[in-house]
Structure formats: C-alpha cells, structure tokens
Amino acid sequence: MVLTIDWELVLFLVFSVVEVACAILTVTSKRLVRAAFWLFLTLVTISGIYILLRAEFVALIQILVYAGAVPVLLLFGIMLTRRKMLEEGETPEAK
Amino acid sequence: MTGSLLTPSLVGLCRSLTEILLGIVKALFDALSLPGVGSWFVSPGVVVFFTYLIACLVMVIWAMLINLLTMLWVERKLYSRIQDRYGIMLSFPWPWSKRYKRGITNMGWGFLQNVADGVKLLQKENMTPATADKLLFHAAPALLVSSTVMVFAVFPFSENFYYAKVSLGVLFILAALSIGPFSIILAGYSANNKYTLIGGLRAAAMMLSYEIPMILCVIAVVVLNGTLDPFEMVAIQERPLMGTILPSWNVFSPPQMLGFVIFFIAIVAELERIPFDIPEADAELVEGWTTEYSGMRFGFLYGFKWLRQFAASGLLVVLFLGGWNGPIIATPELLGYPIPILPQEFWLLIKIYVVAMIITWISWSIPRVRADQVLKIGWSRLIPLALLTILGAAVFKTMGWF
Amino acid sequence: MAEFWVNMGPQHPMTHGLWNLRIKVDGETIVDAEPILGYLHRGVEKISEVREFQKVIVLTDRLCYVSSITWSHAYCLAVEELMGIEIPERAKYLRVISLEIQRIASHLMWLAAYGADIGLLTMLLYALRERELFLDLIEIMAGLRLNSNYMRVGGVRNDVPADFEKSCQKVITHFRKKLDDYQDMMENSKTFLMRTQDVGKLSKEDAINWGVTGPNLRGSGSNVDLRRTIPYEVYDQISWEPAVEKECDCYARSIVRMREMRESCNIVLDALKKMPPGMCRMKPPRRAEGEAFRVTEDSRGEALFYVAGDGDDRPYRVKIRSPIFCTLGAVPQMMRGHKVADVVTIMGSIDICVGEIDK
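Residue numbers (the numbering used here), protein chains in the order written: chain A, -6 to 88; chain B, 35 to 436; chain C, 160 to 518.
Simulated from the structure, these hints should not be mistaken for laboratory data. Be aware that a few hints might be false.
[As the list claims (entries may be wrong)] Selected chain B positions facing chain A (Cβ under 7 Å, derived; list incomplete): (1) P78; (2) L91; (3) P215; (4) F216; (5) I219; (6) I246.
[Stated by the list, open to error] To give an idea of the chain B side of the interface with chain A (calculated C-beta under 8 Å), a few residues: (7) F126; (8) A209; (9) V257; (10) V429; (11) F430.
Here the structure is a predicted model, which means the values were calculated and not measured. Ideal placement from N, C-alpha and C gives every residue a C-beta, glycine not left out.
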C-alpha cells in the first residue's frame, strides 16, 4: 500500500464534517451560550476551508471579524437582556 | 548586525536532524530485514512531516518553556526591586559549590521559583463546580492557550528563526490575539458565579474596545510600509534614516510616534495589566473571571498572560522598533567577513524584554482605573488619535517623506 | 438589568476586617447599601466587668488592634476621672508621645491598605516599610510592637531610655522625606485623582448629623479636633495645627490624613523637647465608686469611654463609643449613585477597623 493520500481532500472532508455538525448543533442547542460556542467553531472551520481554497486573507479576516467579534456580540446580547440567568446564581438573602 | 544564529532556517536545521534520525530508523529496520518499511520511513512525505513536527516542538519549547519562564522571572524580580525587597530567590546551587553542601536553596537567582510554582499547580486538584457548564468550562482555557501559542507559528525571531513564512504574518498575529475576549466570556459565564460573570463581561468589553485602536495603529504602519509581511517590514526598517547611521525604525517617523504610544497603551489594556486591571484583581472580584479555576487550568490562564505579553511586545517591536535590527547601521569587517555585533535573535529579545520591563514598571506604579473610565479613555480618546495617525501616515506616504 | 443584592464579605479581600457589606446594584450603579456587623464581637464590655481596673487594659488594647494605644488611653482617662487622681507631668508627656507615634503608625496602615485597594500595590509595601520604623519606636518604649500594653491607670508602664530622643529624631527626619514622596505620588497621579475626586461626597451638615468625627469630619470642612476643642493631657502646651480640607470627597480625606501624619511628627518632637523629669506612673487606688466618661481623639475619630464603679475593684459597667460605628451609618448615603468599583475607594477612605466597631 503506497500512501499517496490526497491530504487536501482529507482536510476538506474533516473541515466540512466538523463545520456542518457545529452548524447543526448551533441551531438545535437548547442552551444559548453553547449555541454561541458552536457558532464560533463553525466560523473557525469555515476559515480553514478558505485557506484550502488559497484565500488566506479572507480566512484571517474571517477569524478577526467573525470568530473574534460576532459570538462575543451574541453573548453580550444574551447577558444584558436575560434577567433570569443572573438570578439563578443568587445567594439566598440573609434575613 | 546582519548575522543570525541559525544559518539555514529553523526548518532547514530540523530537516537535517530528521534525516539523520530517520536514517537511523531505516538502518534499524534494514537490520531487521524489513527493507520496505525502512524505505517508507525516508520517503519525502514522512521526512517533511517529521521535519515540521520537530520544528513545531522546538518553537513551542522555545516560546513556552524558555521565554515564558524568563518573562515571569523578569517581571517578578523587577517589581520586587521596585518594592524594595529581594524578590524570588529559589535556586539550585551548583553541585560543586559550598552552598550545595549546606543545602541552601533560597539565596540565589530565583529562576526556579516559576518552575516550582508550575509543579505546585500541576499537583493540585482540578475542581469543576457542580453547577458549571462542563463543556464550556473545559473549553475556555483550551481556547485561550491555543490561540496564544498560535502566534508563535508565524512570529519570526530573526531572518532564519521562524516556523512559517506567511506573507500575512501581522494579520495572523492580530487574528490569533482577537480570540481572547471570547474565551474570557466563556470562562466567566461557565463557572455559574455572579462575580465571574461580571468580571468576564467587563474583561471582554475592555479588550474589544481596545482592540480597535490597536488595529488602527497597525493599519497606519501598514499604510506607511505597504506590506503585512513581518520579514519585509523589518527589511524596510533596516535602511539608514535619512543619511544618518541610525536605522529608520518606524517609531522615528512623526505619525508613528503617536501610533507607538497609542499601540503601547492598547497593548497594556489588552493584556489586562494594572492600569487597566478592572476585570481581574479588582478588590471586589477576587480573581475576576478566573476565580473558579484551580490547578493547572488556573496556571494556564494566569501564566499565559505573560506569554501574551511576550507576543504583544514582540508585535510592537517588529512593527515599530525595527525587529531584529541593531541600533546602528554599521557592520564591522574582519578580513572581508562581516562580524555581527550581536546575533539578530539577541537584538529582538533585548528589545522585547525592555518593552516588557517598561510595561511591568508602569503596571506596578499606577493605581487602577475604574471600569467606566477605562472604556471612556478607549473610545473617546484613543480612537480619534489612532485615526489621526492613519491620516498622518497616508499624508507622509503620498508626499514621499520618510 | 435587574437590581439584585450583592454580598461583599464576610470573607473578602477588600474588607479590612470581618464584616459584611450588602450592596444593591442596578447594573453597575449602587442603589442601596447595608452593612452587617457583629462577626468580630468579643464581648469586651462584659468581660471588663469581671476584671480589675488595671487588667482591663489588655482588653482595650485589642479593641482596635491597629491603633491600640489610643483606645487604652481613653479608658485610662475615664478611670482616672472616676477615681479622681492626677497623674505626674512626665507621664502626660510620655502618653502624648506614644499616642502620636501610634497615630502615625495607624495612618500608615491606612495608607498601605488604601493603596492596595486602589491598585497601587507598591504603596502597600512602601507604607508598611515606614510603619516598621514606628513600630520599632513603640517597641523601644513599651516592649511590644502591636498591642503594646503601655498605658496604665495612673501613668504609663515604664520610662523611655536616654537615647530615645535621638532615635525619634532619626526616624522622623527620614520619614518626613518619604512622606513628601508619597504625598507627591498621590497628588500628581492622574489616575489617583480620577479615582478619588468627587467620589463619596459627605457634606458638612450630613457628617455632623450622622455623628461622623475625626479625619472623616475634618475632610468635610468642619474644624473639630478634640485635641484642640477639649484639650486633654498636654495638648494645649504643644504647638500644632489640626488639618482641615474643604471638599468632602475621598481625596480630601486622604489629604487630611497625610497632613495629620506631618503634624504628629511635629508634636512628637515638640513633646520630647518639653518633657520634664519626674515619675512616669503613680499608684491608683484600688476601688472606685461613681461614674465618669471621657472623650478623646482616636486615629479614627471620637472615642468615648463611660466607666461606672460601685465601690468594688472592678468596673460595674464600661461603655465604649466607636467613631467608625457611627460613620457606617453614613455609608449608604455616600455610596448611592456611584459605581461598584467605587465601593472600595469609599470604604478605604473611611479607614475601617472592625475591632472597634464590634468590640
């Protein structure tokens, strides 16, 4: 067996499978913060596919702008609008 | 000034090393009369794989083991001396010294103290809070650590000491450093603790708002130099400065002087050092977003602050202070061969450590700025000045000055 | 964002001592505050009913462990008025010297803790380094550094050695230079001014209404220093000036304390020059009857001791009034409208010592 593996194809398959799985998890996840995490992973693997397509600049901008800022924006939106989550961890008031 | 220690590149050296090692493995398999397997080991694909693997190991050991420890040691000794005390002094005396016979280990250089602290953190219990979100709790330190170490994949320590020569190196470093805020929010949220949540949100808000002036200053430098490649940037800064023997470092041009100061302040805020320390050692929040972490996870989150300091100072030096150039453009010659005054790696490391020492000095002399004042400084003062820098750089470039 | 209560303490690195501060936050702004005390209650007032008059000094030393000589001194003054005795002149001068050295040490401890709270961690080590010199002076006088057990009903425990004046001179000359440095460090640091100016305002009327005394009151513009208005010991024979500042914020209170340290240095040197020879202690009567109260200027404000005796050799009742206990009532008002990060600044500028609050 001669190992002439087409590494590009392997990488592309790996990235695609991970990306589609993370995207599905993003949409179907019951916990919002986990959805943000899966979104982050989706965007990072998309940037990997960009590198395979020889578009390095777009890949780096994808990480800088999308993966670095959009999930953070999503998390800020969650934290600043949900009262319930902050009260989950509240200590009982001392009487 | 023009020589570097690794004469072919790092990858070239590692290639020679792997060829030797794999040759030994091939000889072993030939002795076992399995020539097919042996020749597979020296096939080009395997050699390339092992070359890059060993180069990666060397780079990680250099960056993490050697430079992180040295950076920690420099910081702790420096701020102890500012506070009028000796500082860390744990050391292992040489086996032939009198101190060794008496077993004295606490009166020396102190370099081993950080190793000791690391070992102490390794053997502590890794506790996870029962109500924490386990996936995110475990993923956040991994994200932070991996994004910091990624910087060293493209960071060149000299003309020949690099792992990968990427033509978009500066952008790669900025992208790697921008994953920080996300992992901090994850860490703060997943511990299910009101204080860490507040700390994480504040930290992310601060880091995001100071990334903007940072990137704007980088844009100004790129406008002036016309390239994102760190190698070309350093080569541009190696030319003489308008006829003098000084090299034309980017910091010597007027718009870049302002850009240097703004970039420096933005870095200090990105690294959560003390003037902008609100997310972390705020007296209200104990350790801020890292409170619930214990054991080596905490060691990573805490220690990698200094690795990020090394990476950010490295970026500052490459962009503004001329990278691995010495301060004078003059190469002494002996019998026709140029003699470097110091190899290029040393110049770069000296500059990085000087910048790191200045950051430490400022850190331990100034009180903490309040959270809303931090954001006010970032948005209303630094961003307009950074935009001014870009304008100045564009003007200088079109007029052909500098 | 919702309004919710946040507990700062009882286990907390910021709180100087063991108490709980509950603040109601709306996002980043403080809406209300409620201090909860009592974690350090040791029953000093009750225990002193079963100990003889001299033996209560051990308890009053530990009321405020940072500034212990001033509290024992207040107790001794009350008991001496109860017994109706007059102590020798030299004892009065020795008392004044030890009080002022203790005041400097207490203010240096405040400076160290305040620096650490604000984030200027180097100030912690610098101020503690200077405090060591003054603790050494107290050790020369009394034998102990912290809870020094130096006061006695009837004078002080022992006289000072012959070269004490020279030691004091050396320490104070060195300290004056350093104090100039530290005041410079505080006044010229834009970050410090940003943190402390216009934060924690307490107007003069509010301070008087809430019963705030001491440097906190003098930082609000009211020139009341008990060493001047109701002079005790020999404060009326030594030349010094109280420190008063007009703005009522944290910065003013900090400057008041720095200036007080300077004045204390002057008082110590002046008292050393004017000290007459004589006895340092007299033997008080064993039993006492009646009631008496005395009020003194502690490092943190007015300390009041009320001692009642019923003819026995133990007090019948000892009542202590602590200045910071009353100041804590004004704290919610000082904090409303500020951000959470200002809690530390405000609490630090009040200079809390929980030992005297909880007794």
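Against the structure, the hints come out as follows:
no.: 1; hint: P78; in the structure: violated, 11 Å
no.: 2; hint: L91; in the structure: violated, 21 Å
no.: 3; hint: P215; in the structure: holds, 5 Å
no.: 4; hint: F216; in the structure: holds, 5 Å
no.: 5; hint: I219; in the structure: holds, 5 Å
no.: 6; hint: I246; in the structure: violated, 10 Å
no.: 7; hint: F126; in the structure: violated, 42 Å
no.: 8; hint: A209; in the structure: holds, 4 Å
no.: 9; hint: V257; in the structure: violated, 16 Å
no.: 10; hint: V429; in the structure: violated, 26 Å
no.: 11; hint: F430; in the structure: violated, 25 Å
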